Amino acid sequence: MSLPSATSRAGVITTVVMGVALPGLVALSCLKGTTTTFGLDEFLQGLGSILGLATPLEGYRQLVFELVTCKTLVACGVGASLACSGALLQGVFRNGLASPSILGITAGAGLGATLGIMLVGGYGSNVVGGIALLDQAAKHSPLLVTLTGFAGACGVAFLVATIGGVAGRVSVPTLLLVGIAINACIAGILAAIQAWLVEHDWQTAEAVYHWSFGSLKDKSWTQVGIVWAGAACAALTLPFVARELDLFAAGEENAESLGVNTLRTKLLVLVTASLAASAAVAVAGQIAFVGLVVPQLVRLAGFRSYRTLLPLSMVGGALFLLGADVAQRYLLERELFKPGVLMSMIGGPFFLFLLVRSRSQVRMW
Amino acid sequence: MLIEGRGLAHTYPGGVEALADLDLSISTGELICILGPNGAGKSTLLKALAGLLPITAGSIAWRGEPMISWSPKQRARRLAFVPQSLMALPEVTVGTFVAQGRYAHQGVFTRVTPEDRQAVEQALDQADLADLADRAMPDLSGGQRQRCLVARALAQQSELLLIDEPTNALDPEHQIAIFQLIESLTHEERAVAGVTHDLNLASQFASRIVLLNDGRKVADGTVNEVLERSVLEPVYGPGLRYSSWKIEEGGAGDSGERPIVLPWRSNS
Numbered sequence: 001m002s003l004p005s006a007t008s009r010a011g012v013i014t015t016v017v018m019g020v021a022l023p024g025l026v027a028l029s030c031l032k033g034t035t036t037t038f039g040l041d042e043f044l045q046g047l048g049s050i051l052g053l054a055t056p057l058e059g060y061r062q063l064v065f066e067l068v069t070c071k072t073l074v075a076c077g078v079g080a081s082l083a084c085s086g087a088l089l090q091g092v093f094r095n096g097l098a099s100p101s102i103l104g105i106t107a108g109a110g111l112g113a114t115l116g117i118m119l120v121g122g123y124g125s126n127v128v129g130g131i132a133l134l135d136q137a138a139k140h141s142p143l144l145v146t147l148t149g150f151a152g153a154c155g156v157a158f159l160v161a162t163i164g165g166v167a168g169r170v171s172v173p174t175l176l177l178v179g180i181a182i183n184a185c186i187a188g189i190l191a192a193i194q195a196w197l198v199e200h201d202w203q204t205a206e207a208v209y210h211w212s213f214g215s216l217k218d219k220s221w222t223q224v225g226i227v228w229a230g231a232a233c234a235a236l237t238l239p240f241v242a243r244e245l246d247l248f249a250a251g252e253e254n255a256e257s258l259g260v261n262t263l264r265t266k267l268l269v270l271v272t273a274s275l276a277a278s279a280a281v282a283v284a285g286q287i288a289f290v291g292l293v294v295p296q297l298v299r300l301a302g303f304r305s306y307r308t309l310l311p312l313s314m315v316g317g318a319l320f321l322l323g324a325d326v327a328q329r330y331l332l333e334r335e336l337f338k339p340g341v342l343m344s345m346i347g348g349p350f351f352l353f354l355l356v357r358s359r360s361q362v363r364m365w
Numbered sequence: 001m002l003i004e005g006r007g008l009a010h011t012y013p014g015g016v017e018a019l020a021d022l023d024l025s026i027s028t029g030e031l032i033c034i035l036g037p038n039g040a041g042k043s044t045l046l047k048a049l050a051g052l053l054p055i056t057a058g059s060i061a062w063r064g065e066p067m068i069s070w071s072p073k074q075r076a077r078r079l080a081f082v083p084q085s086l087m088a089l090p091e092v093t094v095g096t097f098v099a100q101g102r103y104a105h106q107g108v109f110t111r112v113t114p115e116d117r118q119a120v121e122q123a124l125d126q127a128d129l130a131d132l133a134d135r136a137m138p139d140l141s142g143g144q145r146q147r148c149l150v151a152r153a154l155a156q157q158s159e160l161l162l163i164d165e166p167t168n169a170l171d172p173e174h175q176i177a178i179f180q181l182i183e184s185l186t187h188e189e190r191a192v193a194g195v196t197h198d199l200n201l202a203s204q205f206a207s208r209i210v211l212l213n214d215g216r217k218v219a220d221g222t223v224n225e226v227l228e229r230s231v232l233e234p235v236y237g238p239g240l241r242y243s244s245w246k247i248e249e250g251g252a253g254d255s256g257e258r259p260i261v262l263p264w265r266s267n268s
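Residue numbers (our numbering), protein chains in the order written: chain H, 1 to 365; chain X, 1 to 268.
Calculated from the structure, these hints are not laboratory results.
One thing to keep in mind: the hints can contain errors.
What the hints assert, rightly or not - Heads up, incomplete: computed chain X residues facing chain H, CB under 10 Å, no partners named:
hint	residue
1	P72
2	K73
3	P83
4	L89
5	V92
6	T96
7	F97
8	G101
9	H105
10	V108
11	R152
12	L162
13	P172
14	R229
15	R241
Stated by the list, open to error - Mimicking DMTMM-like on lysine to aspartate or glutamate, the simulated pairs with C-alpha atoms at most 25 Å apart in a straight line are:
hint	chain 1	residue 1	chain 2	residue 2
16	X	K73	H	E253
17	X	K246	X	D198
18	H	K266	X	D198
Said to hold, decoys possible - Using C-beta positions, here's what the derived DEER-type ranges look like:
hint	chain 1	residue 1	chain 2	residue 2	range
19	X	P238	H	C185	39 to 47 Å
20	X	E115	H	L267	27 to 35 Å
21	H	M345	X	T56	36 to 44 Å
22	X	R135	H	I189	48 to 56 Å
23	H	S220	X	E115	50 to 58 Å
24	H	G19	X	G142	39 to 47 Å
25	H	G302	X	T113	21 to 29 Å
26	X	Q122	H	C185	48 to 56 Å
Bear in mind the structure is a predicted one, so any value in this text is a computation, not a measurement.
In this text, a Cβ means the ideal position worked out from N, Cα and C, and glycines have one as well.
One chain only, chain H, in its complex shape (with noise of 0.2 Å):
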């Protein structure tokens, strides 16, 4: 058998390309909102504006402008941040088809936010009697609705951890089962959440729903900040956990052996990988498959040292999520899908085709 692995010159190559490719395909994004366009000098203006070295564009244009620019960079944080999540869920359970969304984290943020929403929405003053605290959170909504999406996350990670695992090791069609119960029982808490929503706040409602299918649309700066902060506090941890993550492919009893700290790396995996997807669903909504796919792919390119296999599945995320929406705003000319939609039709089939994969390449030792 030949060992598909990346040299190092391919990695040079390949971190150059996505270098290029990313700023690039960050400046098409910009360019072309769903219904407006700017040219090369209005990009520059207007990007000046933002900085505050020059006068914004005139009339609306200039709102435009910073909504494509917000909705641009979410997409970039979103698909950074859940590929990272999808690469370091993959190696602490030592298995390719972990992923947010399959084991149910996803869906923990997603009920978490769901409930912050609730909160910010008029239900929790209401619910317990209009406490001061909780009028003042409404104040600042984006940041509880992370905080409790982070709360339903964690909380979602512990419990597949603790369940799918029996005396460190992690059987894999438990694990999938784990996701599969935890997903459904998410999905039926939030549809009653929904039509009891529907009945009495359609305002809510709606809020919900939207989200709950993932959008990128009308961010604001604070929104950015939200998904990059969790991107970032996920880049500064990959240098802890990456090495550790490569010994722990040969089993954890193998890492420990060597040296590792395997309790503290399974926390700051867990930890880490469930403050980036909960960051990024509490902003875009709920956004499957990215991290399953992406570092999937970084990992088809050859790059299987999480050393390289985080970071790439990083810029790799944010290429991809930005890429499928760029592609359909210069393609379709509109947005027909919602981001969520659109990676659920990508992935769902990748995922299949994984799955037949692995069946030919189980290998033991």
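For this one, chain H is given, so just place chain X on it according to the hints.
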């Protein structure tokens, strides 16, 4: 004294007592073979010494210093554990796999040092793997993979190697090669403790034999003291035949005669 375990006990969840009140000490230059029937607690003892399984009673000291507060890295710099096999086959080259043994010597942001490279090259040479450094691990035979595991442990540059059934599933030629490699380490100020089921390899190579049964130590002595009917029969039953082989050079044992113990079909 390199390592000393006193009153070691380990009880698995569910109440199965795998080790009970076991004392074991290992000194530099020793090659200790740990023998015993299946379920005797051999692998549990090795993992307990390696810090991979918590002991439920007793204490382990390294040169007289308690090991309980050691970090996994501190432990891995002093003792290396070679498992029987790995849970999954790593899809890396032999060189990369052996270099993983240097993890405990590296910091989070430190790059590969000349010492790391030298240790890996030396380990590859010692395990006769230098020509295979660029080969993929999945391409190797069972014997080559076993040598890779030993080489990775050598790259750790630890003073003690704990090896679990190193000749499992190997042909006779490779069994001898692995034991010769292990034996050569004891000449370099290191000690080795290995679990094996092969009484005759233990007879040829061990400087000391520890015999376990039901989680307890039933014998601890030289090859000729332990590999004899009165000691082995209560543990392995009557299905063994005993003989001896005269060897010209004494080697690590205490006489020129080495016992041979063969499993033999029963007459009934």
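Indices of hints not satisfied (ascending) | 13, 14, 15, 18, 19 and 21
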